[in-house]
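Visitor: Residue-level listing of the chains:
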Amino acid sequence: MYRYSEFDENFLRARNAQFRAQVARRLSGELTEDEFKPLRLMNGLYLQLHAYMLRVAIPYGTLNSAQMRALARVARQWDKGYGHFTTRQNIQFNWPKLEDVPDILDALAEVGLHAIQTSGNTVRNVTADHFAGAAADEIADPRPVAELIRQWSTDHPEFQFLPRKFKIAVTGSPNDRAVTAAHDIGLRIVARAGEIGYQVLVGGGLGRTPMIGKVLVDFLPEADLLPYIEAIVAVYNLIGRRDNKYKARIKITLHETGLDEIKRLVEDEFISRRAAFKGVDQRLLAEIRGHFAPPEFITGGDSAPTLSPALRAFMDSNVTDHRHPDYAIVTVSMKSHGATPGDATAAQMEVLADLAETYGHDELRISHEQNVILPHIPRAALPDLYQRLKAAGLATANIGKISDIIACPGMDYCALATARSIPIAQEIATHFHDIGLEEEIGALKIKISGCINACGHHHVGHIGILGLDRAGVENYQITLGGDHSEAAAIGARAGPGFSADALIPALERLLRAYLALRAHSGERFIDTYRRLGAAPFKAALYPEEGAHHAAA
Amino acid sequence: MSRDYSKILTANDLRLGDVVYWAADQRWARAITDAVIFTESATAEAALATAFAQSDLVVGPYLVDAIPTETGPAPAHFREAFRMRGPSNYPHGKQEQAQG
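Chain order of the listed sequences is A and B. So for the first sequence, my numbering puts the first residue at 1; every next one is plus one. So for the second sequence, my numbering puts the first residue at 1; every next one is plus one.
It is possible that some hints are incorrect.
Quick list of the computed label-pair ranges, beta carbon to beta carbon [stated by the list, open to error]: (1) Glu-544(A) x Asp-4(B): 50 to 60 angstroms; (2) Thr-43(B) x Pro-496(A): 39 to 49 angstroms; (3) Arg-30(B) x Thr-32(A): 17 to 27 angstroms; (4) Pro-496(A) x Gly-60(B): 31 to 41 angstroms; (5) Ala-516(A) x Asp-4(B): 47 to 57 angstroms; (6) Asp-316(A) x Gly-60(B): 41 to 51 angstroms; (7) Phe-52(B) x Ala-516(A): 58 to 68 angstroms; (8) Asp-4(B) x Ile-239(A): 26 to 36 angstroms; (9) Gly-29(A) x Thr-39(B): 31 to 41 angstroms.
Chain B regions said to be covered by chain A (calculated; three or more residues, Cβ under 8 angstroms) [claimed, not checked]: (10) 41-48; (11) 72-81.
With a straight-line Cα cutoff of 16 angstroms, these simulated EDC-like cross-link-like pairs (lysine to aspartate or glutamate) come out [what the hints assert, rightly or not]: (12) Lys-94(B) x Asp-18(B); (13) Lys-390(A) x Asp-354(A); (14) Lys-245(A) x Glu-256(A); (15) Lys-214(A) x Glu-261(A); (16) Lys-165(A) x Asp-100(A); (17) Lys-94(B) x Asp-34(B); (18) Lys-80(A) x Asp-100(A); (19) Lys-37(A) x Asp-56(B); (20) Lys-97(A) x Asp-18(B); (21) Lys-94(B) x Glu-80(B); (22) Lys-165(A) x Asp-155(A); (23) Lys-37(A) x Asp-13(B); (24) Lys-278(A) x Asp-224(A); (25) Lys-263(A) x Asp-218(A); (26) Lys-80(A) x Glu-96(B); (27) Lys-97(A) x Asp-13(B); (28) Lys-80(A) x Asp-25(B); (29) Lys-214(A) x Glu-486(A).
Don't read these hints as lab results, they were simulated from the structure. For each residue, glycine too, the CB sits at the ideal point set by N, CA and C.
All chains, full assembly: derive it from the sequences and hints.
Guide: Shown next, in the form of structure tokens:
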């Protein structure tokens, strides 16, 4: 993985010293909140409902054990003993004191982590497939390019005051695990006649106006990638709307300007941008690529160890094929039934760091689905690894099932939220586990957001849940048929929302209807929904309406 | 309108981020029950202006509806109920301080 150069280290040290002085001036009263707020946001520090919140970037979701231990240290020493992994491969600490934040940032800098551009109208943390560098279906590792974009965008003088925030995701696999179609720019590595290139999507995004990204270029040669991205962001920077926050994202620019016109503007801009690059980006990319050389995989070992029934169940749900036949990718669920999705205690982070170091070539990944991945585990080590995960309470075998829910922090923490998300996720997970339907329901993506900003990706959940404030009461709208994968789709609203009390029974009716309707046990909820359409599912959600129609 | 006017002044503490309320003794209190209820918008707006001038103590002051009860003001909206108590997934925030 990428190791900071002396330049990177000096930059971060200087930036942290600068922020330390800004915090001191704020505490002494020299800076007002109006003056300080943009400075703290540039360094990832928010003020939430109950406390400050520090959002630390985990670039393209990759961590080593030392970095994971540093996150554990922050949780234990300066927070309340845990951190929250987010849907953009960041980690959030919910309780830092303002005066401690400079020390926290210094501790993170020691291991090459920071909170720069995790907020503000800038290019945010570049995200990537959490199986990058390990997946059997991968064309190329997306992380070198993600790192190149990170270096280019960090403190980029032209792009510190964009019309709105700007999110970029990269996948190196045709199975899109990075939700690239829901990003301002989505990059998909493609191969054509032996040459690696990029399909460039633009204008995707969730939030109050959800849009699936549109293909701007089908195949962009690698040498053109960075100037082309710069051309897109430059065009957006000039023509993106600054008069209305809700119309400021590039998805609206694209919608209002039209794909053809945006393409023309970008390609005009690209000509001069391309000339200015002179190959330095390609030399840098080659150097970065060296940092991401695959670990020295050890061939052999007992690649088919004896499996207990519990380990077999864990393998079925949490273990994915690796590019190397003697290795496997292990997804560690941060969603044991009843837990807060994405939360990890300091002790759990330390166990995961130890396991990565002992078994997994020192690598960890954070997924946008708020789980932790050990990407390089020898198959022979799976029984031992499983025992250690189990001892730490980290062996929940629920990946991809109903309890593997994405949930934003919602109104338990977030100042923007209109309703809570976490208790809904906890109730769904425990309810369907307790009534014994989780295994029978099988593969299902439930995603919950506590407001229309959609950090919980509800639009692309097979079942999406959106928490709203309806006349002073929490109310939950259900959307159906969303898809986060390469077949990305925005779910359709099923009908009126439900109170928190009525939501779980409604979901049970919906899922019992699915079980009765599916063609066979292997037909996923989303497949049955696509085959039959929304009508039978709406009927299950709103039985009184059906009775009403029947009576009329 | 003024007949129904019942608001408290709240903000977050600059250092801790903790929720604070403007109290009768002209200071920031930690408990909503110590908050002063404004029944007229003119006095409430004047207090809000004072709060904005105290940017070395608090962040983001605002006026919000509250219900007078025998034990002091109570939140009128669930958002303020969460701010008064803390998150629902852990016993952190004010509920933790109340226990401690």
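Visitor: Does each hint hold? Answer for all of them.
Guide: Comparing the hints with the structure gives:
no. : hint                                       : in the structure
1   : Glu-544(A) x Asp-4(B): 50 to 60 angstroms  : violated (36 angstroms)
2   : Thr-43(B) x Pro-496(A): 39 to 49 angstroms : holds (41 angstroms)
3   : Arg-30(B) x Thr-32(A): 17 to 27 angstroms  : holds (23 angstroms)
4   : Pro-496(A) x Gly-60(B): 31 to 41 angstroms : holds (34 angstroms)
5   : Ala-516(A) x Asp-4(B): 47 to 57 angstroms  : holds (51 angstroms)
6   : Asp-316(A) x Gly-60(B): 41 to 51 angstroms : holds (49 angstroms)
7   : Phe-52(B) x Ala-516(A): 58 to 68 angstroms : holds (59 angstroms)
8   : Asp-4(B) x Ile-239(A): 26 to 36 angstroms  : violated (47 angstroms)
9   : Gly-29(A) x Thr-39(B): 31 to 41 angstroms  : holds (32 angstroms)
10  : 41-48                                      : violated (count 0)
11  : 72-81                                      : holds (count 4)
12  : Lys-94(B) x Asp-18(B)                      : holds (8 angstroms)
13  : Lys-390(A) x Asp-354(A)                    : holds (14 angstroms)
14  : Lys-245(A) x Glu-256(A)                    : holds (15 angstroms)
15  : Lys-214(A) x Glu-261(A)                    : holds (13 angstroms)
16  : Lys-165(A) x Asp-100(A)                    : violated (27 angstroms)
17  : Lys-94(B) x Asp-34(B)                      : holds (14 angstroms)
18  : Lys-80(A) x Asp-100(A)                     : holds (13 angstroms)
19  : Lys-37(A) x Asp-56(B)                      : holds (13 angstroms)
20  : Lys-97(A) x Asp-18(B)                      : holds (9 angstroms)
21  : Lys-94(B) x Glu-80(B)                      : holds (12 angstroms)
22  : Lys-165(A) x Asp-155(A)                    : holds (14 angstroms)
23  : Lys-37(A) x Asp-13(B)                      : holds (14 angstroms)
24  : Lys-278(A) x Asp-224(A)                    : holds (11 angstroms)
25  : Lys-263(A) x Asp-218(A)                    : holds (12 angstroms)
26  : Lys-80(A) x Glu-96(B)                      : holds (11 angstroms)
27  : Lys-97(A) x Asp-13(B)                      : holds (10 angstroms)
28  : Lys-80(A) x Asp-25(B)                      : violated (32 angstroms)
29  : Lys-214(A) x Glu-486(A)                    : holds (12 angstroms)
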